[in-house]
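Listed in order, the protein sequences are those of chains A and B. For the first sequence, the numbering used here gives the first residue as 16, with consecutive numbering after it. For the second sequence, the numbering used here gives the first residue as 874, with consecutive numbering after it.
You may find that some hints are simply not true.
As the list claims (entries may be wrong) - Listed below are the simulated EDC-like cross-link pairs for lysine to aspartate or glutamate, each with C-alpha atoms no more than 16 Å apart in a straight line:
| id | chain 1 | residue 1 | chain 2 | residue 2 |
| --- | --- | --- | --- | --- |
| 1 | B | K1121 | B | E1251 |
| 2 | A | K178 | B | E953 |
| 3 | B | K1119 | B | E1251 |
| 4 | B | K1285 | B | D1298 |
| 5 | B | K1081 | B | E953 |
| 6 | A | K178 | B | D1091 |
| 7 | B | K1247 | B | E1351 |
| 8 | B | K1121 | B | D1091 |
| 9 | B | K1294 | B | E1351 |
| 10 | A | K178 | B | D991 |
| 11 | B | K959 | A | D174 |
| 12 | B | K1121 | B | E1181 |
| 13 | B | K1313 | B | D1287 |
| 14 | B | K1350 | B | E1251 |
| 15 | A | K178 | B | E951 |
| 16 | B | K1243 | B | E1161 |
| 17 | B | K1121 | B | D1066 |
| 18 | B | K1094 | A | D174 |
Note that these hints are calculated values from the structure, not bench results.
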Amino acid sequence: MKRRVILCWMMACAAATAFTATGSAPQRARVPGGTFATVLPPAAEQKTATVAAFDMDRTPVTNAQFAKFVAAHPAWRRDRVARVFADPGYLLHWAGPASPAAGTERQPVTRVSWFAADAYCAAQGARLPTWYEWERVGAASQTVADARTDPAWRQAILDWYAKPAGKTLPDVGQGAANFYGVRDIHGLVWEWVLDLGSMMVSADNREQGDPNTSKFCGSGALTLEQKDNYAMLMRIATLSSMQASYTSTSMGFRCVTDVGARP
Amino acid sequence: MKTWLVAVISAAMLIACGQQPSKTPATADTGGSRSGDFGPPQGEPVNAVLTSPPLVPPPTGRHAPAKVIVELEVREVEREIAEGVKYTFWTFGGTVPGSFIRVRQGDTVEFHLKNHPDSKMPHNIDLHGVTGPGGGAASSFTAPGHQTQFTFKALNQGIYVYHCATAPVGMHVANGMYGLILVEPPEGLPAVDHEFYVMQGDFYTVGKYREKGVQPFDMQKAIDENPTYVLFNGAETALTGPNSLKAKTGERIRMFVGNGGPNLVSSFHVIGEIFDKVQPEGGTHPQENVQTTLIPAGGAVIVEFHTEVPGNYILVDHSIFRAFNKGALAILEVAGDARPDIYSGKQADESYLSEKVGDLAPVAAAAEAKAAGKLTKEQQVAAGAVLFKGTCSVCHQDSGQGIPDVFPPLAKSDYLLKDPKHSIDVALNGLSGKVTVNGKTYNSVMPPMSQLNDDEIANILTYVLNSWGNDGGVISKEDVQKVRASTKRAEGAAH
C-alpha cells in the first residue's frame, strides 16, 4: 500500500513535468525514477523493476537525423559498414548510401542494427533506453502512467500489430503525447533497447513454465508476467528474435540520457 | 474361433517362410519411431514440392530415404476473410492453411524458414511430425528479413499439423499460421483419383460476423473462445462457388483434413457421404464406415470415400451453428450421370394437412372448374388462399408483409407488381441473391416451388395479385405451363 502511495505521488510529479515541458518542447521528456510491475521480472521472487530518472527522446530518430550522423561518421554508411555490425538489409531502403529518399526525412529511420543505433546515441552523448526504461514509458497511455490493464489501450496496440509492415511509414510526432510527453512509443515502429542481450526469452515461449536455463542470459530464468498482455509480449518476442546486427523494416530506436548527464 | 486359429497359423507360416507382409496388417504394430529410421539419406537431395490448399503434392514415389529440402516463406498478408471483410493473416507460404508438405517416412528433412522482410513479427514453426524438443520451434525462431535452418528425420508416418509457436502462440495460430505435413508410409498410400487439402480454423475479429471493412484481431474473444468465424481454408468463399472442390462419380476421394484451432474441436462431416475409411487423429489404423469424425485442435485426419451420386456435397463442422452462422462450409461438386438406383431424388411431395392448412375444398373446386373450362377469378383466389397458407406464408407471412430484412413483402410489392408474369418464373425456379423491394434490399434464398402443379401456381399467384391491396390481375394455368416448358426443372426442389 505504501509503495502504491509513493508511486501515485511520483506519477503526479511526472504529470506536472510533462505539462510544463510541452511549452518549450525540448527534444527529450523527463521520466521520473520509480518502481513498477514489469512483464519481465528480474528474478522469480521479484515482480517489480526500479529505474532512476531519465530523459527520453520525444520521438523516434528520423531518417534526416540519422543521415546527419552517417555524414559525420561515414563508417556507418551502408556501403562501408562492417558486416559484423549490420546485416545486408542495413539502410537498404535509402536512396543512396548516405541519403534517405526525398520525402522520407521525417519518417522514423528503420533497417538500422542495434550497433548502429547504439553508435548514433553515443554520438549524441546519449544511450539506448534499457528495457525497463522503455517498458515504463511504454506502459503509459495519454492519461495514466500504467494503462496495461486497460482493454482499449491493449486493443489499440494490437491493431497496429495487425497492420503488415512494408508500407510507407508516417512521419514521427503524429501520435498523441503520452503521460510523459513521449510520442509514437506504440503504433509506429519497434524500438531497440540497450540491454537486448540480457532479455532473451526462450524462442519457444511455451517453455516458460519449465525454462531451460541455458537459453536465458543475464539475471537468470525469466518468467513472463501478464500473460494476457499480448501487446507487451509481442514486443518482447520481437526483440528477442533480433540479434544486434539484424535490421528490419519496422525496427527503429530513440535515445535517452541519465538525468544530470545531459550534454 | 476357427477363423482366428487359421489367421494365427497363416501368420506363423508367413514368419516361418521369412516373408515380409507387403502391407502392414490393420492390427499390427508399425513400431512407431523405433522402426522409422531407414538409415542415412541416399542419392541427391530433393527439393520438396509445396502446394497451396486445396492441392496436395504428388506422392513422393521414393523407395529409399532421401534428403528433402523444404523452403517455406512466412508472409503477413491482408486479404478477404468474407465478402467485403478484410483481415491480416500471418501465413506459411502466403495461404491459410500454409503450404502442404509431403515427405516419406525415414526422410531427412532440411527445413529452411524464411521470414519476409516486410513482416512485422518474428515467427517460427513447430511441426508435429518432428521428434525433438519444441518440434523445431526454438531452432526456427526467425526475425523479419531473416532465414533459419534446422534438420530432422521423419521417424513416424502420418498426417501432422504444423504451426507457429512464437509468443503469443494463440494469436499467431488464430491469424492462420498452421498447415499440414504428410509423412507417407514407406510403401506410399494407395492410389486415389483425387487428394484434397482442407483445414479448419477459428477466427476472432473485433467486428461482428460479416461486418464489412478491415477487421482487427480481437484478443478477448480469442481468450473467451468465442470465434466470429469458423472457416475451412481461411475464407468463407475459399471452397464454395467457383472455388468448390470438383470430382466425378465413380471416383475415389482422399481428403487430408486438419484443424488449426486455435480453440475449437471440429466435428467434421460431409453431408450426403459416408467415409468409407477414416484414419482418426491422423493415426495409422483406419476406422471404416464413419459419418462424423472428430478432429482435435492441432490434429488432423485422413478420410476416404467413393462418389456414386452426382450433386453437391457439403463439408461442415457438424457443431452446426458454426456451419450456418460462422462460415464452416465447403462444397465438393460431383459431376456425372444420375444414379436413381442409389438415390432417386424427390419422388413425391403431397399435401400433408396440418391444422394450419384449412379446408382444401376450394382447391379441388378450382381444379374441377378449370377442367370444365369454367374457372372464375374468385375461385382462383379462394383456392390460392388455401395453398398460400400451406406453402408461402411461412416466409412471406399470412398478410403478405414478409419479414423485415429477411423475406421480402408481397403486399404492394413494386418488384412483384411491375411484372406479375415474372412471379411465375420465381415460383418455379426460386430466387436467390440481391433484390430490391419497395426500396429495401433483400439477400436471401427462395427455393424453387416446382413441386406445385400448374393449377396450384396459377391460383396462388392470382390470390397474391388480388390480396392485401394489390391491384389485381390473373395468372392462368397456361401462363404457368409456358414458363415451365421454357425452363429446366430445378433438381431436387425443396419443400
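Going straight from one Cα to the other, do K1285(B) and D1298(B) come out at no more than 16 Å? 19 Å, violated
Can you confirm whether the C-alpha distance between K1121(B) and D1091(B) stays at or below 16 Å?
41 Å, violated
message = Please verify whether K1313(B) and D1287(B) have alpha carbons no more than 16 Å apart.
response = OK: K1313(B) and D1287(B) at ~11 Å, within 16 Å.
Exercise. Could you grab the alpha-carbon distance between K1094(B) and D174(A) and see if it respects the 16 Å cut-off?
Key: Status holds; Cα separation ~14 Å.
>> Check whether the Cα positions of K1350(B) and E1251(B) lie no farther apart than 16 Å.
In response: Since the Cα atoms of K1350(B) and E1251(B) sit roughly 15 Å apart, the hinted pair holds (cutoff 16 Å).
| When you check the alpha-carbon spacing of K1119(B) and E1251(B), does it fall within 16 Å? | Cα-Cα ~51 Å, so violated.
field: Hinted pair K1121(B) and E1251(B), Cα distance within 16 Å
entry: 51 Å, violated
- request: Would you check the hint for K178(A) and D1091(B), treating anything up to 16 Å between C-alpha atoms as holding?
  value: Status holds; Cα separation ~14 Å.
Please verify whether K1081(B) and E953(B) have alpha carbons no more than 16 Å apart. 15 Å, holds
Q) Are K1247(B) and E1351(B) close enough, with their CA atoms no more than 16 Å apart? A) OK: K1247(B) and E1351(B) at ~14 Å, within 16 Å.
Below or equal to 16 Å on CA atoms is what counts here, so check K1121(B) against D1066(B). 9 Å, holds
Is K1294(B) close enough to E1351(B), meaning Cα to Cα at most 16 Å?
Given that 16 Å is the threshold and the Cα spacing comes to 12 Å, the pair holds.
In this structure, the hints that do not hold are numbers 1, 3, 4, 8 and 16, in rising order.
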